[in-house]
Amino acid sequence: MDVYEVFRRSGHKDPFEHCGSVIASDSEMALLMAKECFLRRREGQHLWVARRTDIHSFKDESLLEIAADKSYRFPEAYRDVVAKREKARARAREVGAAAGESNR
Amino acid sequence: MSDSLISLLTALGDDELILGHRHSEWTGFAPHIEEDVAFSSIAQDEIGHAAGYFGILGTLTGDDPDHIALGRAPEDYRNAVLCERANGEWAYTLARHWLYDTADDLRLEVLESSAHEELAQLATKMRREERYHLIHADAWIKRVAHGPVEGRTRLEGGLSRAFGEAIGLFEPFEREDDAIKEGWLPTASSELRRRFIDRASASLDELGLPTEVRAGVDEAAEFVASSSGDLIASGEEPPGQGTRSTGGGGRRGVHSDDFRQLWDDMTRTYREHPGATW
Numbered sequence: 001m002d003v004y005e006v007f008r009r010s011g012h013k014d015p016f017e018h019c020g021s022v023i024a025s026d027s028e029m030a031l032l033m034a035k036e037c038f039l040r041r042r043e044g045q046h047l048w049v050a051r052r053t054d055i056h057s058f059k060d061e062s063l064l065e066i067a068a069d070k071s072y073r074f075p076e077a078y079r080d081v082v083a084k085r086e087k088a089r090a091r092a093r094e095v096g097a098a099a100g101e102s103n104r
Numbered sequence: 001m002s003d004s005l006i007s008l009l010t011a012l013g014d015d016e017l018i019l020g021h022r023h024s025e026w027t028g029f030a031p032h033i034e035e036d037v038a039f040s041s042i043a044q045d046e047i048g049h050a051a052g053y054f055g056i057l058g059t060l061t062g063d064d065p066d067h068i069a070l071g072r073a074p075e076d077y078r079n080a081v082l083c084e085r086a087n088g089e090w091a092y093t094l095a096r097h098w099l100y101d102t103a104d105d106l107r108l109e110v111l112e113s114s115a116h117e118e119l120a121q122l123a124t125k126m127r128r129e130e131r132y133h134l135i136h137a138d139a140w141i142k143r144v145a146h147g148p149v150e151g152r153t154r155l156e157g158g159l160s161r162a163f164g165e166a167i168g169l170f171e172p173f174e175r176e177d178d179a180i181k182e183g184w185l186p187t188a189s190s191e192l193r194r195r196f197i198d199r200a201s202a203s204l205d206e207l208g209l210p211t212e213v214r215a216g217v218d219e220a221a222e223f224v225a226s227s228s229g230d231l232i233a234s235g236e237e238p239p240g241q242g243t244r245s246t247g248g249g250g251r252r253g254v255h256s257d258d259f260r261q262l263w264d265d266m267t268r269t270y271r272e273h274p275g276a277t278w
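Chains A and B, in that order, are what the protein sequence lines are. Per this note's numbering, the first sequence starts with residue 1, numbered consecutively. Per this note's numbering, the second sequence starts with residue 1, numbered consecutively.
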């Protein structure tokens, strides 16, 4: 007997989401058990089962922690770009005007 | 009002109700937690099917479906004896589940073209669910048949006990000739029995189960009344003389002692608290 993880989706366009697990002798049996345990009240319209040992993950979860400030990976970090650009344009106009004066 | 239609619906509904009740007795006791949920859900399905039949019956007779299910005397039930047998061990339950759902599929197939439109529609609806029940039963039977010897031996024992009595599912019900004439039941029980024996035998051969599990089942047998009043299949000795029961009698209200115990449990609340609701 193996542990099978059960994934279910509620609508045709929804993603499959993990909803629990069953113990079964093989995948066909796992599907039958999963149908009764997780779909008998119309909680969804489709099921997947996967043997737990066929699902791969990092052994050390701490590897997934983000150590430093990664704010530059988020759009919020770039919110002031428009203001900075406007400031730079204004400065460019100022410099351009000053150069025109001295050339006269 | 068609008495033959009432008789047909009573037999069909009682089979589902009584087997559903037996299945429900596994709740909390099935071999593992997943199967406990699965088998309980199947039990609910069967009782739901009984409610479907009794619903139609109620519109014909004016009786309340709850009263039809729980308010009758033991001798008024028309289920086949197979359905009322005590669960025994899991292997017997499994054998009966498989035989019953194989038989029911054949029966529903013909009922889909019943002249009674509501019954035909109900049959189509139920068959979708029963197809899943059959997949469940098949999956179990295959795994136990091909598994370790102890399980296989127990399954053979269960099939030996249940196969003969499964024939009783095709004992003609009262006024069946009229029901066929009217088109309520498009195919006679005797023909359904032949199809059942063919199909179940072929499946068991495929699984490599010994032919002894269906020994004593005479494909040409007709149900006739014995001197004791029990229906037996002709060509066989009466039960108790070394041959197996063919499970007859249920369609005339002749039941086993197992039924009495089931009826007592099933109807107790209804009898002791008339009119109670929940």
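Derived by calculation from the structure, the hints in this document are not laboratory data. Do not take every clue at face value.
Unchecked claim - One-sided excerpt, in silico: chain A residues whose CB lies under 10 Å from chain B:
no.: 1; residue: Ile23
no.: 2; residue: Ala24
no.: 3; residue: Ser25
no.: 4; residue: Asp26
no.: 5; residue: Ala30
no.: 6; residue: Met33
no.: 7; residue: Cys37
no.: 8; residue: Arg42
no.: 9; residue: Glu43
no.: 10; residue: Arg93
no.: 11; residue: Val95
no.: 12; residue: Ala98
All figures in this text were calculated on a predicted structure; none of them were measured in a lab. For every residue, glycine included, the Cβ atom is placed at its ideal position computed from N, Cα and C.
Results for each hint:
1. A hinted interface residue such as isoleucine 23 of chain A counts as satisfied when its beta carbon comes closer than 10 Å to some beta carbon of chain B; here the least separation is about 6 Å, so the hint holds.
2. Restraint check, alanine 24 of chain A versus chain B: the minimum CB separation of about 7 Å is within 10 Å; hint holds.
3. Given hint, serine 25 of chain A at the interface with chain B, holds; its Cβ is 6 Å from that chain's nearest Cβ, closer than 10 Å.
4. Annotation: interface hint on aspartate 26 of chain A holds; nearest CB of chain B at approximately 8 Å, less than 10 Å.
5. Of the supplied interface hints, the one on alanine 30 of chain A holds, with its beta-carbon coming within about 9 Å of a beta-carbon of chain B, less than 10 Å.
6. This hint holds: methionine 33 of chain A has a C-beta 4 Å from the nearest C-beta of chain B, less than the 10 Å allowed.
7. Given hint, cysteine 37 of chain A at the interface with chain B, holds; its Cβ is 5 Å from that chain's nearest Cβ, closer than 10 Å.
8. Because the beta carbon of arginine 42 of chain A sits about 12 Å from the nearest beta carbon in chain B, more than 10 Å, this interface hint is broken.
9. A cut of 10 Å between beta carbons decides the hint on glutamate 43 of chain A: the least distance to chain B is about 13 Å, and the hint is violated.
10. Hint status for arginine 93 of chain A relative to chain B: violated, with the closest Cβ pair at about 74 Å, above 10 Å.
11. Nearest Cβ of chain B to the Cβ of valine 95 of chain A: about 76 Å, over the 10 Å cut. The hint is violated.
12. A cut of 10 Å between beta carbons decides the hint on alanine 98 of chain A: the least distance to chain B is about 81 Å, and the hint is violated.
Consistency note: the structure conflicts with the earlier hints numbered 8, 9, 10, 11, 12.
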